[in-house]
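*Asks:* Given chain U, put chains Z and F in place with the hints provided.
Below, each chain spelled out in residue letters.
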Amino acid sequence: MAALAIAGKDLRTEWRTRESLNSAVSFALVILVLFSFAFDLDREERLAISGGLLWLVYAFAGALIVNRSFAREVPNDCLEVLTSSVRGWSIFLGKSVACFVLLLLVELISLPIFGLFYNIRWTGSFFALALVMALSTWGITVVGTALSAITVNVRLRELMLPVLLYPLMIPLLIGAMEMTTGLLNGNAVLSDIRLLIVYDVMFTAISLYLIEFILVI
Amino acid sequence: MREKIIYSLGILGTILLVYNFYNIFLVIPIDALQGAIYRIIFIHVPAAITAFSFYGVAVVASIAFLVRKNFWWDSLAVSAVEVGTMFTLVNLATGSIWGRVEWGIWWAWDARMTSQLMCFLLYLGYLLMRPAIAEPQQRGIMSAVLAIFAAADIPIVVMAIRLHNVRTQHPGPVLETGGLAPVYWPPFLIGIVCFLLLGSAMILVRLHQESSHREIDSLRRELHAI
Amino acid sequence: MSPVDITNLHFLFFGYSAAWIVMIGFVFLLVTRSRRIDRELSRLKSLVEDKEK
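Chains as they are written, first to last, in this note's numbering: chain U, 1 to 217; chain Z, 1 to 226; chain F, 1 to 53.
If you're looking for bench data, these hints aren't it; they were derived computationally from the structure.
Since this is a predicted model, take the numbers as computed values, not measurements.
Some clues are possibly wrong.
[Stated by the list, open to error] Simulated restraints on C-beta separations:
no.	chain 1	residue 1	chain 2	residue 2	range
1	Z	H213	U	G124	56 to 64 Å
2	Z	R162	U	F127	27 to 35 Å
3	F	V4	U	M202	41 to 49 Å
4	Z	A132	F	T32	18 to 26 Å
5	F	T32	Z	W103	35 to 43 Å
6	Z	P131	F	V31	17 to 25 Å
[To be verified] Facing chain U, from chain Z, some residues (calculated, C-beta under 7 Å):
no.	residue
7	L122
8	I133
9	V145
10	I156
Virtual Cβ for every residue (Gly too), placed ideally from N, Cα, C.
Bound-form chain U, shown alone (with noise of 0.2 Å):
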């Protein structure tokens, strides 16, 4: 219930401002049409690296968002006041639950402007997709939020970030990108789901305990 209340209270906090929001969206389409001038791609080679292009996108995205999520909380000493009156995990689920719906968010928005850039139709295999985007998301997510806590106190949080990020999501990038391309190109493959689940599991356990460490100090 605490994990709620605080997913709860990042999305409001992030709704008055929608700052993340804004620039992942506008950095997402920024991207692609950055792609569009580097590579000056045919159909097929353009679906030959959909699912790549999109989850690069994603991943990019997803690491502006992760970025503010324990960040936030340091003006003011909130993190100190949230560790002494909840529990280490649920601070960590809630804001983890906040990251991923936002994420989300810039991955559905995003898409139909990817589609609509690159002529690619993407409705025939929107709930397959949806599945991986949940689940890809969620490691994205999940990942990002641990390194976030990680690196809240650290010089140069915002470059030190990706370069610990991007690494450790590369498995679930590798699995996600394979099977959005399956997707795209009309041949559902989901075969890796099990990868992204196990991805999923791992993390989620490993962060659950380990946050206790990272955040009573």
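*Replies:* Chains Z and F alone, transformed into the frame defined by chain U:
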């Protein structure tokens, strides 16, 4: 005492290494298929095995630090990661040069190379983050958590890459299948022992540096107080 | 020796050199860092002694 252990480990490792080189270059026969370049595996594979042993040490030390909060474990973890990363670099460099001869390209994005490179990047991140945290207790905890994350990530990386990278051109696991001719075994095993000995000597030097560092920090605080 | 054998030998040499350059470079870094730390430690120790007098 400490210096004696370091020197004896180093000297023992070096003597074994010279003996091993004598064997590798002058005694054992040339591989029929690959020619002289195959001799690189006597460095390449032992470096990988040593690196992974040290990563194992690092994750155990990290868990021990979280449980005991004794800084010695933190020092052991960072020393092992640093030396392990160095051996990973040796492994990557020799592998790349071998690939240039055998495959004609420096880098192949083959399954094992890629997962090895991921390990290198993961632990490089660990080493980069440490100096960015000023407070020792915090630095120890955050690094330990990160080391555990990295260790948990490696099996999934291997799984992900095996699932997808069909272009596996790396030679099969000769060690597990027994494809290595008996005459090649002794230099191979001695190579592993050498690297483990030399690596342990380096870790001991690093451990001492870390404890001196802590001493410097406490002296600085003392000076501040005076 | 055939040209293939010769390039083979060349790259064998490159491989071993690369390995040793990495390792010796690391040892060199270790030694310089040790020296710097020792110097800093003795400087601080003498400073503390001076202040205590």
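*Asks:* Each hint: holds or not?
*Replies:* Hint check:
Distance hint check for H213/Z and G124/U: the Cβ-Cβ separation is about 60 Å, which falls inside the suggested range of 56 to 64 Å. About 28 Å separates the C-beta atoms of R162/Z and F127/U, a value consistent with the hinted range of 27 to 35 Å. Checked against the given bound of 41 to 49 Å, the beta carbons of V4/F and M202/U, roughly 47 Å apart, stay inside it. Between A132/Z and T32/F the beta carbon distance is about 22 Å. The supplied range of 18 to 26 Å therefore holds.
A C-beta distance of roughly 37 Å is found between T32/F and W103/Z, which places it inside the suggested range of 35 to 43 Å. Range check, P131/Z to V31/F: about 19 Å between beta-carbon atoms, so the 17 to 25 Å window is met. The interface hint given for L122/Z holds, since its Cβ lies 5 Å from the closest Cβ of chain U, which is under the 7 Å cut-off. The interface hint given for I133/Z is met, as the beta carbon of that residue sits about 6 Å from the closest beta carbon of chain U, less than 7 Å.
Interface restraint check: V145/Z against chain U, minimum CB-CB distance 5 Å, threshold 7 Å, status holds. Nearest Cβ of chain U to the Cβ of I156/Z: about 4 Å, under the 7 Å cut. The hint holds.
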